[in-house]
Amino acid sequence: MDLIIKNGHVVDPSQGMDFIGDICVEDGVIIKIEGTAGATAPEITPETTKVIDASGLYVFPGLVDMHTHLREPGFEYKETIKSGTRAAVKGGFTSVCCMPNTKPVNDNETVTEFIVKKAISEGYCNVFPIGAITKRQEGKELAEMGMMKDAGCVAFSDDGRPVTDSMLMRRALEYSKVFSSPVISHAEDLSLSNGGVMNEGYLSTTLGLGGIPAASEVIAIQRDIELARLTGGRLHIAHCSTAGGVRAIREAKRDGIAVTAETCPHYFHLTEAEANGYNTAAKVNPPLRTKKDVEAVREGIKDGTIDVIATDHAPHHRDDKLCEFDRATFGISGLETAFSLSYVLVKEGLLTLNQLIEMMTIRPSHILGLDKGTLKAGADADIVIVDLNKDFIVDPEQFVSKGKNTPFNGWRLTGLPIITICKGIVKYHFNNNDLTAVGV
Amino acid sequence: MEKDLLDIKSAAAADIELILDTASSFKDVLSRDIKKVPTLRGKTAVNLFFEPSTRTKTSFELAEKRLSTDVVNFVVPTSSVAKGETLYDTIKTIESYGIDFIIIRHQFSGVPHFISKISKASVINAGDGINEHPTQALLDAFTIKEKKGAIAGLKIAIVGDISHSRVAKSNIYCLNKLGAVIRLIAPHTLIPPGIENDVAEIYHDIGEGITGVDVIMTLRIQRERQTGGFFSSTDEYFKFWGLTRKRLDKASPDVIVMHPGPMNRGVEIASEVADSSHSVINAQVTNGLAVRMAVLYLLDSARPRN
Chain A
1 MDLIIKNGHV
11 VDPSQGMDFI
21 GDICVEDGVI
31 IKIEGTAGAT
41 APEITPETTK
51 VIDASGLYVF
61 PGLVDMHTHL
71 REPGFEYKET
81 IKSGTRAAVK
91 GGFTSVCCMP
101 NTKPVNDNET
111 VTEFIVKKAI
121 SEGYCNVFPI
131 GAITKRQEGK
141 ELAEMGMMKD
151 AGCVAFSDDG
161 RPVTDSMLMR
171 RALEYSKVFS
181 SPVISHAEDL
191 SLSNGGVMNE
201 GYLSTTLGLG
211 GIPAASEVIA
221 IQRDIELARL
231 TGGRLHIAHC
241 STAGGVRAIR
251 EAKRDGIAVT
261 AETCPHYFHL
271 TEAEANGYNT
281 AAKVNPPLRT
291 KKDVEAVREG
301 IKDGTIDVIA
311 TDHAPHHRDD
321 KLCEFDRATF
331 GISGLETAFS
341 LSYVLVKEGL
351 LTLNQLIEMM
361 TIRPSHILGL
371 DKGTLKAGAD
381 ADIVIVDLNK
391 DFIVDPEQFV
401 SKGKNTPFNG
411 WRLTGLPIIT
421 ICKGIVKYHF
431 NNNDLTAVGV
Chain B
441 MEKDLLDIKS
451 AAAADIELIL
461 DTASSFKDVL
471 SRDIKKVPTL
481 RGKTAVNLFF
491 EPSTRTKTSF
501 ELAEKRLSTD
511 VVNFVVPTSS
521 VAKGETLYDT
531 IKTIESYGID
541 FIIIRHQFSG
551 VPHFISKISK
561 ASVINAGDGI
571 NEHPTQALLD
581 AFTIKEKKGA
591 IAGLKIAIVG
601 DISHSRVAKS
611 NIYCLNKLGA
621 VIRLIAPHTL
631 IPPGIENDVA
641 EIYHDIGEGI
651 TGVDVIMTLR
661 IQRERQTGGF
671 FSSTDEYFKF
681 WGLTRKRLDK
691 ASPDVIVMHP
701 GPMNRGVEIA
711 SEVADSSHSV
721 INAQVTNGLA
731 VRMAVLYLLD
741 SARPRN
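Protein chains in written order, with my numbering: chain A, 1 to 440; chain B, 441 to 746.
Derived from the structure by calculation, the hints contain no laboratory data. Everything numeric in this text was worked out from a predicted model, so none of it was measured. Yeah, the Cβ is synthetic: ideal placement off N, Cα and C, and Gly gets one too. Careful: at least some of the hints might be erroneous.
[As the list claims (entries may be wrong)] Partial chain B-side listing against chain A, Cβ under 7 angstroms, derived:
hint, residue
1, F514
2, H553
3, G569
4, I631
5, P632
6, I635
7, N637
8, A640
9, T674
[Claimed, not checked] Below, simulated DSSO-like cross-link-like pairs (lysine-lysine); rule was C-alpha separation at most 30 angstroms, straight line:
hint, chain 1, residue 1, chain 2, residue 2
10, A, K321, B, K449
11, B, K587, B, K505
12, A, K321, B, K505
13, A, K376, A, K291
14, B, K557, A, K291
15, B, K560, A, K321
16, B, K557, A, K321
Start from the sequences and build out the full structure, keeping to the hints where you can.
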């Protein structure tokens, strides 16, 4: 046995586990978990075993983010696989799925292989690439999904350049079935968005900024749901932000359509009002919406319409945000705040802790077919130890991500990952205030 | 007063009144034989126009010169902006010269607000995207006051492309603060979302909308809105929403007709209306100078000294 995490409060929704116990790790794999509650005599731990005392702390499967932008290759000034995964482990994530909008686009096995290899040599955690649906994300020809799947892709998405052509989207949903990979839809009707930069409504009029109506998302979600109904393909809706979107997904699930959905912390915490004063940190796509939408997203989280909380971690360089609102790039750097922001839902009683962890571990793993997000014996020892009582103030300057772009600057949050372990190795330790990056 | 004039939306009614009163004094100056005063001698203004503009730019430049301000015109196509410089760097460069005023016209909304955050100079919004054009609203208010005596209680119709008009936006805020009753008249496609929060009376029929009004402000219709699907043709627009002589009869007998320019005769306004005795369009231009002098003068005294 190499490592034992003792006396932590283990919560693992994949096996209905919620008790104080010890997790034993050998060769990077979990070998057993046992409750300490009723144990008569403490087991003798061999001297070579590293012991982590997790008394008073919670122990979860390492978090899984199914929507991350790592920016490499091509946009290394915004983020790299190294800096992005470092941000991931600081945020409690041990697996991230990176979107294909790199330069070049991840639309072929060579780019996929590059990402996979780079992640193995430089990454702090597991990286699962998401391949493009169409070549160069141009929405014209299908990309080589099978080859990319073999090279390591776990899903397909054209991300921020959604497939406009309904026939091509139909084909993508049909063709991807062979590879059992979901198609992830960034649901947006670009013609309705019409170059808009924030939610359409009174505030966009007041600020004189181009508006993106909620209908832009709702129509695209409805189209893709109908295509999923038609094809039986596996559809996943990315970053749902609207009441209408939640309603459409809820109805589709009731009809038995194979659709899953995610949202992100900014969609259940923030409204369009953040854009006041031309605050580019709040410029994100889909845009922050109204109070009514925030409430609907929360309702969707509560009733299971929304399956997953993802980050849509979209790091940008300072220069990309320190400019005209219209010119600023869309996106929020989210990996280092996602857990604490989501834990608010537990504190407010919307979710149980078990439900939250499920949404951030086993659910995304199931959707993508990953053997992650679990502490079952035999699984990789991807583990996060969290202090749920620790308060902190969000300070983007302390982010290890290159992207300091967050509208949550100055927020007081509770619940901080203390130790993140990937394949049995400690990759992040809060007490060292930095990373123990040995033998990555 | 604040050091900047970024928008009318956040301006206090008392400050608007102060600007209008001050403009009256400067209008007197402009009627003298020697029209130049030494008020802002030794101060420097940069006219930073990222969008083509003739009248606003000329008006600001003259206002600056009448106040004895040194004037620098920053012409975008020949500047380093054309070479890919960021706005942040452009402003920091200008700032380094020790500038007192930045007069900014930009195609993107919120740019004056961005500049005010990074510059110590007084920033004057000379039109930003589809957001605001504060000095236009002030000169319009000045003109209405001059012609009508007071603004409170007047019925004022704004006709045309409200959705894309920074002039309309600033006028709505300004005239609301001064107690006018505003009516908007346009097809549904040119009414921006949520504007009913600011203006209760919205009409889609021009005849109905201008009945009994004291002031009509016509807005420029940009031809590219036609390709954007906001209306089908300029002919159809003129037929349904153009300000014609016949329609003018429905307004109050002493109605005044305004236009921020440049006009499209035969699109939003008929020539016989533009050239009629109701038209105050040329007075607007003259008053623009006095109002801009007042703004420069008042902002200069509001700017903190080192």
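Comparing the hints with the structure gives:
{"no.": "1", "hint": "F514", "verdict": "violated (16 angstroms)"}
{"no.": "2", "hint": "H553", "verdict": "holds (5 angstroms)"}
{"no.": "3", "hint": "G569", "verdict": "holds (5 angstroms)"}
{"no.": "4", "hint": "I631", "verdict": "violated (10 angstroms)"}
{"no.": "5", "hint": "P632", "verdict": "holds (4 angstroms)"}
{"no.": "6", "hint": "I635", "verdict": "holds (6 angstroms)"}
{"no.": "7", "hint": "N637", "verdict": "holds (5 angstroms)"}
{"no.": "8", "hint": "A640", "verdict": "violated (14 angstroms)"}
{"no.": "9", "hint": "T674", "verdict": "violated (22 angstroms)"}
{"no.": "10", "hint": "K321/A with K449/B", "verdict": "holds (25 angstroms)"}
{"no.": "11", "hint": "K587/B with K505/B", "verdict": "holds (27 angstroms)"}
{"no.": "12", "hint": "K321/A with K505/B", "verdict": "violated (36 angstroms)"}
{"no.": "13", "hint": "K376/A with K291/A", "verdict": "violated (40 angstroms)"}
{"no.": "14", "hint": "K557/B with K291/A", "verdict": "holds (28 angstroms)"}
{"no.": "15", "hint": "K560/B with K321/A", "verdict": "holds (21 angstroms)"}
{"no.": "16", "hint": "K557/B with K321/A", "verdict": "holds (14 angstroms)"}
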